[in-house]
Structures are given as C-alpha cells and as structure tokens.
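Chains as they are written, first to last, in our numbering: chain V, 3 to 213; chain E, 3 to 213.
Calculated from the structure, these hints are not laboratory results. Be a bit skeptical, because a hint or two may be false.
For chains that are exact copies, the list does not tell them apart, and a pair is met inside one copy or across any two.
[To be verified] Straight-line distance between alpha carbons at most 30 Å, and here's what the computed DSS-like set of lysine-lysine pairs gives:
1. K212 x K121
2. K193 x K213
3. K121 x K7
4. K213 x K121
5. K212 x K7
6. K8 x K86
Number of protein chains: 2
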Amino acid sequence: MAHWKKALVIANGPLPSRRRIAGWLDEETLIVCADGGANRARARALIPHLVIGDLDSITPGTAAALAGVETIRVEDQENTDLEKVLDYLLAHGITAAVVLGATGRRPDHTLANFSILAKYHSRLDLLFVDSWCRMEIIDRPVQLDLAPGTTLSMLPLGRCEGVTTGGLAYPLVHQVLEPGVRESISNRVSKSPVEISLTVGKLLLFIVDKK
Amino acid sequence: MAHWKKALVIANGPLPSRRRIAGWLDEETLIVCADGGANRARARALIPHLVIGDLDSITPGTAAALAGVETIRVEDQENTDLEKVLDYLLAHGITAAVVLGATGRRPDHTLANFSILAKYHSRLDLLFVDSWCRMEIIDRPVQLDLAPGTTLSMLPLGRCEGVTTGGLAYPLVHQVLEPGVRESISNRVSKSPVEISLTVGKLLLFIVDKK
C-alpha cells in the first residue's frame, strides 16, 4: 500500500456529482468503499480499489459489476462500516482521507458520522464532502485560505469555549458556542486567510460550496 | 387563532411523502410555511393557512399559486425563518408542533435546526419528522409506546450523564453519552413502553420509521 498517500472513502449516503468527485481524485488516491457505498460508487461509474465492511448492503448487481475488486469482510457489531474503513487506512499508514456519502440520508447516521469525524480527526487528516459543503473538525488554531464571500458555519460538538475568528463578516471574540444554545450559521469570509481558534472543545466547520 | 390546537410547520428541506404528511393533518392543525417551505408545500399540493419569514425564498410560481394565503413578513437577521414561525406559534398560544423539512438539505442547516429543536422544546411540544425518522429532545424521564422491533437512536447534544433505558435490546445504565465520544445508534425496542431517563443534558431521540 506504500504508494497510496491518501484515500477517497465512499460511504453509503448520496454522493456529489461526478464533476465534484473528480476534484478529489488523482493517481495517489486509494478509492475505498464502505459496504453499501459500493452501490453508490457504481452509480457514479467509479471503480474502487477496495470494498470493506460486513458486506450486507451490496446489491447483487454491484457484486457482479465489482467482481474483480478486492473486498475485505470485517465482522464487528461494535463499529460502523465507515469506522472499519478508517481503521484500515490507519493500519496501512494512510493519514489523509476525504469521505463522500457520510451525510444526507438517515439523520441519525449523519450525526453519528459527525461523531466519527470527531473521533478520528486527530489521527487522520479527515474531510467530509457532500453536494453542499466541506466539513472538518477544528480544535486548535487554524488558518484557512478561502475566497472572500465564501459562506461558512461553525457548529459546536459539545461545549466550545474561547472561540475567536479573524477574516469573517460576523467576528467571534472569545465566544462560547454550545449545541442548542449558540452556534455560528452562514457566516461569511471577508478577508483571507480566515483564522479560527478555540481554547476548549471541538468545532464542526462547514465550508459551504452550494447554497 | 383560538381554534388551532397544534401546528404543522413546513420548513425548506425535502418533505416526506404526501401519505406520511397526511398522518400529521387534521382539522385542528394550523399549517404554516417557513418562507421557502411554501415552495415545498406547493410541490406536495398542500395549501398552508399562513406563510411566515423574510419571504426572500418564495418563487414567483409559488407566490402566484398561494396569492390568497395570508403571509407575514418578519425581518430579523438574528433568527431563522423556522424560529420566526415557532415564535409566532408561541405568541398565539399554540403549544404543539410537528416540523417537516428541517433535515436533509445543507448539513449545517440540519444541525442548526436540531439546535432550534433543543432551544424551543421546553416551551413547545415539538417533533421533527422526515422521510426516515421522528425526532425529539429528551431531557427528563419519559415513557414511549413503541412497537417491539422499532429502531431508535440517541445522539447527545452536548454531554449527557446518567442515561438509563428500559425496554431496549442494548440497555444503557447510568451511561455518559457525548458527541464524538459515545452515542447510541440503531438500538432496538424489545418491550413497550420504552423508558429513557438522564440526569444531565439533552438527548436527541430518533425513532426510525424507514431504514
């Protein structure tokens, strides 16, 4: 696996357009489907290098179409197919991944996948992408190169303290953000680079590409 | 407004099927659209009693089709169209509402709407419904009448302590649930009534109707 530097992971939710997916593909990218994600990949005419999961969600049509693709069956009721894929990446020295299809289907799964993002982000350079947004966890000071006018939301996963921003139209200065109490929705980049820092907690950052 | 006992609120996300919506309609139900929710209602051939919002998302076609419907323009950048509707309900003594279309579009909006659910649930008997799930906030002991076999998830909005359940296949006993740390996904009703209690925090409960 040594030549793969990063991975594109296809989970079992709706995928972005082929054009948007193409932006995340290059020759150094391992394409891995999490179980039923294989059906989604097939619908986008995308052939993965690998399928991982308990393999209970792959349709017969997908199984036939991907008969030549390596599949790894992992039985473990304690973690999800997406976690099985991320564990595999970590075990094989791949430390950056873009995950498609992690949002937009069952809303409890979307929220659970955000929890997975929070659980793995310290070990993997991890980004979720869907038709609307790019999503990542922020828990230390970051500088982001974003075009002025870009819409951006910050949702706290649990209580976040000391949230301070630079380069945003509605700046935050030592704010507390907390689920069900206060969050920052549809803020706007006024000046690049955007700076975000916080002292306690994990922020889920959404960079909005389509409104 | 005195004869309305409850409300069906149409937000601007994808709506469930007409058949599923019909289950939430009766003659005591005020139908209110939050701004662009009017376009969604029209696509389901549903005529609201009222449209509320800053009215910047209604298409000309919808405006024409709903020309006879009372509309209330509320300008306030500090809260969303959904909050404007819920404030209106509270101001008019309506204390129960089902909200459709609050999930499944921009994922930051979905999360922000869950925050709104948490902000309003103590004043409104509030339920979100989409094609997959019914969603509500639990922050005190509840008993729920649910058919054995029903799938159910509990996602903490912030840290939840002392979470204890009865009637579930995977019981929780004085558990801590926390975003990005531990949650309860796809648990199953083993025996009705289901009992859920917690000592600290707010749980977002998902009753899954379609997998």
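Structure-based check of each hint:
1. K212 x K121: both (27 Å within a copy, 27 Å between copies)
2. K193 x K213: This pair counts as within: shortest intra-copy Cα distance 20 Å, inter-copy 43 Å.
3. K121 x K7: within (21 Å within a copy, 43 Å between copies)
4. K213 x K121: Answer is both; intra-copy 28 Å and inter-copy 24 Å each pass.
5. K212 x K7: The answer is within: 28 Å in one copy meets 30 Å, while 38 Å across copies does not.
6. K8 x K86: Only inside one copy: K8 and K86 sit 16 Å apart there, 44 Å across copies, limit 30 Å.
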